[in-house]
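Engineer: Sequence:
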Amino acid sequence: MEDELLINARKAIAEEKFQAAVALFEQLYATNPTSGMNHELSNAYYLNQQYEEAERIILEKLDVYLNDETNFAFLTAVFLKSESFILLRELLGSTKLSVDVKQRALDKLQQAEVKSQTELVEFQHQVLNEFYHMADQPVITQINRFQLARKLPLSDWLKGTQFLLLDPFIHPIVRASLLESIEKMKLTNQFQFYWLDETSHEIKGSELQPLSKMQSFKAMMQALDESIAKKDPILGAQLQEELRLQAMYLYPYTNKVINDPQLWVNHLVHVYDADESLPVDNLKLANIRNWQEKLQEYTKSMIDSFKNVE
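Numbering (full-length UniProt numbering), first residue to last: 1 to 310.
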């Protein structure tokens, strides 16, 4: 049955019946989500001019596209059609393909950005305007506008980003995500940003590092895995997400604040267990408690924002 579906799907592509091909490849991918089927489905979406759907499918098997020159060329074509300029720049910063391959993709990206600035003037103006003016919006709206702004050319995105990084009313998850994008794109500019200590800081893009490679973050995940995750996978997953959010809020100074990852994890575990056995007269622990309470307020505001949409 599956072989027959595959034959018919490929036949539909050959006959340029792309809508029919999409329907068939969707069935095949639902039951057999391999890398090869992922590529065939994303190609069917692309040929049917469903560019954002093609992008969504590619992201499910991203490594396959980042490690192969032909696949990366296809990814580039899809992302340019879906106008995901910032995301494509981030992927250019992470792929290990040759300099020549990346330069060819970058050339096409820059040409597409220039073209979009003449063909999508009204759309980009609206997106940039909403990007600038999102601080007074609910967290979920801020996140949505952050995501939509990734369709802006880099020059416009940077204008909005440099403004927002200094806005004290932006939710920390958005501020951290902006800095994370800067790191992923390997930008070397100097950036000013407002941080959780309510003061302005400066940092070069080249000084940023991925959160996943920060020593404190890796140590927290290891400590959590050893103490909870193996014994209680459900609680472990919940705490892992909470720790990831806390580390994000603190970015790029995660290592500076979380200078005792084991104690940081221990305190969070006790909070979830409603256990009062940890001494509160310990200055280091008191500092951790104060930070975690502050960070949990940010998480609460984000959760409340999502609930209000439901």
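No lab work stands behind these hints, which were simulated from the structure alone.
Any given hint could turn out to be false.
Derived DSS-like pairs (lysine-lysine); straight-line CA-CA distance at most 25 Å [said to hold, decoys possible]: (1) Lys218 x Lys96; (2) Lys108 x Lys218; (3) Lys231 x Lys218.
Engineer: Now, for every hint given, state plainly whether the structure supports it.
Structural biologist: Taking the hints in turn, this is what the structure says about them:
1. Straight-line distance between C-alpha atoms of Lys218 and Lys96 comes to about 23 Å, which keeps the hinted pair within the 25 Å bound.
2. Distance hint between Lys108 and Lys218 is unfulfilled; the C-alpha atoms sit about 36 Å from each other, more than 25 Å.
3. The hinted pair formed by Lys231 and Lys218 meets the criterion: a straight-line CA distance of about 19 Å does not exceed 25 Å.
Going down the numbered hints, you'll see the structure goes against just number 2.
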